[in-house]
Amino acid sequence: MDLPTGTRNYNYAHDMAIFRTRTHWIWLSVLLAFLFTGPLYWGNYWLGVANLIGITIIAATGLNILTGYCGQLSIGHAGFIAVGAYTSAVLTNRFELPFIVGLISAGFIAGLAGMIFGIPSLRVKGFYLAISTIAAQFIIIWVINHWASATGGFTGISVPPASVGGISFISQGSQFYLIMGIVILVIFLAKNLARTRPGRAFVAIRDNDLAAQVMGINLFHYKLIAFFIGCFLAGIAGSLLAHWTGFMNAENFTMMDSILYIGMIIIGGLGTTVGPIFGAISIRMLQQAITLISPNLESVFPTLPAGFTTGIGPMVFGLVIILFLILEPRGLAHRWTLLRTSYRLWPF
Amino acid sequence: MSYKKSLKVALAISLTLTIVMIPVLSSGCAVSSSEDNTVNKVKVGFSICYTGVAAEKGRPMGNAKLDCMKYINEELGGVAGHQIEVVWRDNEYDAAKAVTILNELMDKGCLFFTTNSSKMMGASMEIANRADFPGFTVFSSPVCTHPPQHIYAQTPDYGDDWAAFATNYLENIWQGEGKPRMAMHLLSNPTGYGALDASKALADELGIEILPVAEHTATTISEMESLTRIKALNPDVLFISSTPQPTSIIIQNAVDLGMYPGITIGCAHASFTKKLIDFAGADAEGVYGTFPTVRWGEDVPAMAKMTEYCQQYHPDDYGNMDYITSWAEGLIVAEILRLAIENVGVDNLTPQAVEEYGIKKLSNFDVGSLQGPVSYTPGDNRLTKFNRIYQIVNGEITNPSAWVEAPLIKYEDFDWFGK
Chain A
1 MDLPTGTRNY NYAHDMAIFR TRTHWIWLSV LLAFLFTGPL YWGNYWLGVA NLIGITIIAA
61 TGLNILTGYC GQLSIGHAGF IAVGAYTSAV LTNRFELPFI VGLISAGFIA GLAGMIFGIP
121 SLRVKGFYLA ISTIAAQFII IWVINHWASA TGGFTGISVP PASVGGISFI SQGSQFYLIM
181 GIVILVIFLA KNLARTRPGR AFVAIRDNDL AAQVMGINLF HYKLIAFFIG CFLAGIAGSL
241 LAHWTGFMNA ENFTMMDSIL YIGMIIIGGL GTTVGPIFGA ISIRMLQQAI TLISPNLESV
301 FPTLPAGFTT GIGPMVFGLV IILFLILEPR GLAHRWTLLR TSYRLWPF
Chain B
1001 MSYKKSLKVA LAISLTLTIV MIPVLSSGCA VSSSEDNTVN KVKVGFSICY TGVAAEKGRP
1061 MGNAKLDCMK YINEELGGVA GHQIEVVWRD NEYDAAKAVT ILNELMDKGC LFFTTNSSKM
1121 MGASMEIANR ADFPGFTVFS SPVCTHPPQH IYAQTPDYGD DWAAFATNYL ENIWQGEGKP
1181 RMAMHLLSNP TGYGALDASK ALADELGIEI LPVAEHTATT ISEMESLTRI KALNPDVLFI
1241 SSTPQPTSII IQNAVDLGMY PGITIGCAHA SFTKKLIDFA GADAEGVYGT FPTVRWGEDV
1301 PAMAKMTEYC QQYHPDDYGN MDYITSWAEG LIVAEILRLA IENVGVDNLT PQAVEEYGIK
1361 KLSNFDVGSL QGPVSYTPGD NRLTKFNRIY QIVNGEITNP SAWVEAPLIK YEDFDWFGK
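Taken in sequence, the protein lines are chains A and B. Those letters in the first sequence? Residues 1 to 348, by the numbering used here. Those letters in the second sequence? Residues 1001 to 1419, by the numbering used here.
There may be inaccurate statements among the hints.
[Unchecked claim] Residues from chain A that keep clear of chain B, each with C-beta distances beyond 10 Å, as calculated:
1. Y45
2. V49
3. L52
4. L97
5. R123
6. G165
7. I170
8. L189
9. N192
10. R195
11. A212
12. T337
[To be verified] Example chain A residues on the side facing chain B (calculated, C-beta under 10 Å, incomplete):
13. T7
14. N9
15. N11
16. A13
17. H14
18. N145
19. I167
20. Q172
21. L241
22. W244
23. T245
24. N249
25. Q287
26. A289
27. T291
28. L292
What the hints contain is simulated information worked out from the structure, not anything from laboratory work. C-beta: ideal position from N, C-alpha, C; glycine also.
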C-alpha cells in the first residue's frame, strides 16, 4: 500500500491493514456517513439508481475476479446472473423458502454453473474460451425459457420482496441498506482475496500460465475456483436483482448485458478492486444521464418534432466508450491512483 | 498545524456540512415541486421504447402519444382547464432501466404511467403494484393483468388475439371437416407465448388441434428449418405472434417452401402493421391479422386531427397503425384525468384517486372511434375487449371484420399459468 512519507509499518497487522492512517479512516467514515444517510435525502429515483449500481458492482466484481485477476475472459456473465436470479426466484416463490436461503443458494448454484462452463478453460483460453462462455449465455437462457414448470418460462415469474428476520425490504430505501451492506461485504472480500494465495495464483495464471504451472500452481484447480467465485458473485447480484425488480423474465439477461459488464471492468480498470466500482458507476450514470437529457433537449427545442433526440443516446454511449478506450486504456482505477498520488505529494 | 493538515480538516468539515445540508436542500426542492402542483398541472409519465430492439414499434407509438399530448394541451386547453405535464423517458427496451424510470415517475409526482410493451410493463409492474401506482400498457400479455391489480391493458392482450382470430377462422374461413390443425410460430417472449396461453385455455373448447409449437427470436434471419418441420405436420393454419420483421421472414420462408398460399396465415396484432407489408412485400398478400384499432383513412371522428398531426410532425409514421394505437392512448389518458378531476377535484389528485375515480370510472368511452369502447369491468383489467380481423389485399391492410369481443380468460385459475 502507498503510504505518506514517514508512515511505516512496524508489524504484520500494519502491513495487512486496508485502512492504515487516520486520514483513511476519516475518508471511510465520511463515505459511509454519506452512503447510509442517503435514504434520508435521496428520492426513490436516485435510490433506485443506487440500488442498480450496487447490484452491478457486485456482478462486475465477480467478473473482475474471473477476467481481471485470473485472465479468463467470460462473455456469458449475464447468463450466470440469470442463474442466480432464477434460483432465488424459484426458491422464494415456488418453495416459499426465506430470502436468505434464496440468496446463498443463488450464489452457490451460479458458482456451480460457472464451474461447469469453466471446465473448457483447462484446454482453451482467450477468444476460444470467450466463445465457450457465450455458449453458457445461450444455454442458460434456453433452459430458463423452456423449464416452464419451475421458472415460468416465457411468461416469467414474480419474486416476493426480500425479507430477513421479519424485516421486509420493500421500499427502495430499505433495499438500499440491504444491497449496500452486501456491496461493502463483497468489496471487502474481493480486496482480501487478491492478497491470499488463490488471489496471487490468479494473477500468476493471468500473467503467464506456463510460468505459473512451473511454479507449482494447479491451473485447472485455480481456474475453476476463479469461475466459482466470479459466478458466485454473479449469482448474488442476480438474486438481489430479482428481489429488487419483483418480476423475472429471461429477456432481462441479454448478450448485450454480458458485453456491458466487460465494458465496465475495462473502463473501471481490470485487476483492481476499485475498477468495478468506477466502471459500474460510470456506465450506469451515463445511461441515466442519457435518459434524462433527451426530454430536456426536446423542451429546449419545442418546434422540432417530438422524439427527435432519441438517437443521441446510442451515439453518445458508443462515443464515450471508444474515447475512453483510446485515451485511458488502464481504466479509471489508474486515474484514481494518479489522483491519490498527486494529493499525497501536493504541493510538490 | 501545517497547511496540509488544515486543508484536510477543512475538507472533512466541508464534507460533513454538505452531508448535513443535503436533506435541508432536498426538502427545499420538495417545497418547490409541491408549489408546481398548485398551478394545477397534472402529471403523467410515459416509459417509451424509443430506441433498442423494439424501436420499430416504440418510436411511432412514442411519437403518437407525444403528438396527442401536444394536441390536447395546445388545441383543447388541456383537461378540464388543466395542462397535462408529460414526463417521458426512453427505456431502450431495457428492464433495469424501466425500473429506474418507474421510480423516477413516482418521484416526480406522476399520477399514473403508461408503457407500450409487455416486457417493459413486466419489468415495471411488480414495483408499481407494491406502490399502488396505476399504469397501463398498450401492448400486453396476459401476465400483466392476471391476476388484476394496479396494471391495466389498453387493448386486448396477445392471448385475446389468438382467441379472436381462432373464433373468426372457425366461423368464416375454415371449410374442412373435423378439427383444423393449427401450427403456431411464436416470438420467444411474452408476445409469443401470450398467444400460447390462450390456445392452452381455449383450443379444446373451440375445437382446434394445436400442433407442436415453433419459436423464433426477434433477430431471426431464417426460419426455413422450423417451417420445414411445420410443413411436415401438414397444418391447415399457421398463427404467428411476433413483431413485424420476424413475421415477415416467416411468411417469406413459408412462400419459399411452397406452404403459402395453400394454408391460412394469421398474425397477432404486434406484427400486423404497415411495417409487415414493407418487409414482406407481395408475399404477405392474403395474410390475416388481428388489430385493436381502425385503419388509416377510415371515416371516424378522430381520424382527421390525428392525420393532421401525423403528417405535420411525423409523416414517416403515416400508415403505421401503431401510431393510431398510441394516439388513442393519449385520448384515454386525457379521459382518465378528466374523470378523476371531475370526481375528486384537481387538488385531491393522487395516484390512488386517479385509479379509483379515473380508470375505474371509465365506461363506454368512445376514443373517437379509433378503437373499441373503453370500459373498466371489475375483475378484468383490459380496458378494451374488442379486436378486428383484417386481411392484406393489394398491399393494403383491408377487409375489416366487425369488432370481435374477446372473452375474459381467467388464466390465474389454470395450474400452468405463471404463479
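Here is what the structure says about each hint:
A Cβ of chain B approaches the Cβ of Y45/A within 10 Å, the least distance being about 4 Å, so the stated non-interface status is violated. The non-interface label for V49/A is inconsistent with chain B: the shortest C-beta to C-beta separation is roughly 5 Å, within 10 Å. Its beta-carbon lying about 6 Å from the closest one in chain B, L52/A breaks the requirement of being farther than 10 Å from that chain. With a minimum CB-CB distance of about 14 Å to chain B, L97/A clears the 10 Å threshold, and the non-interface call stands.
Non-interface status of R123/A relative to chain B is upheld: no Cβ of that chain comes within 10 Å, the nearest being about 30 Å off. The Cβ of G165/A lies farther than 10 Å from every Cβ of chain B, with a closest approach of about 20 Å, so its non-interface assignment holds. Its beta-carbon lying about 6 Å from the closest one in chain B, I170/A breaks the requirement of being farther than 10 Å from that chain. A cut-off of 10 Å between C-beta atoms confirms that L189/A is not in contact with chain B; the least separation is 24 Å.
For N192/A, the shortest C-beta to C-beta distance to chain B comes to about 27 Å, beyond the 10 Å cut-off, and the non-interface label holds. The Cβ of R195/A sits about 28 Å from the closest Cβ of chain B, beyond the 10 Å cut-off, so the non-interface label holds. Every C-beta of chain B lies more than 10 Å from that of A212/A, the closest at about 37 Å, which supports listing it as non-interface. T337/A, annotated as away from the interface, keeps every beta carbon of chain B farther than 10 Å; the closest lies near 19 Å.
Checking T7/A against chain B by beta carbon gives a least distance of about 14 Å; that is not within 10 Å, so the hint is violated. Annotation: interface hint on N9/A violated; nearest CB of chain B at approximately 21 Å, more than 10 Å. Restraint check, N11/A versus chain B: the minimum CB separation of about 26 Å is more than 10 Å; hint violated. Taking 10 Å as the C-beta contact cut-off toward chain B, the hint placing A13/A at the interface is violated, the least distance being around 24 Å.
Interface restraint check for H14/A: the shortest CB-CB distance to chain B comes to about 21 Å, outside 10 Å, so the restraint is violated. Satisfaction of the interface hint for N145/A is found here, the shortest Cβ-Cβ separation to chain B being roughly 6 Å, below the 10 Å cut-off. About 16 Å separates the beta-carbon of I167/A from the nearest beta-carbon of chain B, more than 10 Å, and the hint is not met. Interface hint status for Q172/A: upheld, as the beta-carbon distance to the closest one in chain B is roughly 6 Å, under 10 Å.
Restraint check, L241/A versus chain B: the minimum CB separation of about 8 Å is within 10 Å; hint holds. With its C-beta approaching chain B no nearer than about 7 Å, W244/A sits inside the 10 Å limit, and its interface hint holds. Because the smallest distance between the Cβ of T245/A and any Cβ of chain B comes to about 6 Å, under 10 Å, the interface hint for this residue holds. Taking 10 Å as the C-beta cut-off, the interface hint given for N249/A holds, the closest approach to chain B being about 5 Å.
About 7 Å separates the beta-carbon of Q287/A from the nearest beta-carbon of chain B, less than 10 Å, and the hint is met. For A289/A, the interface hint is violated, the least distance from its beta-carbon to any beta-carbon of chain B being 12 Å, above 10 Å. Look at T291/A: its Cβ gets to within about 5 Å of chain B, closer than 10 Å, so that hint holds up. Nearest Cβ of chain B to the Cβ of L292/A: about 8 Å, under the 10 Å cut. The hint holds.
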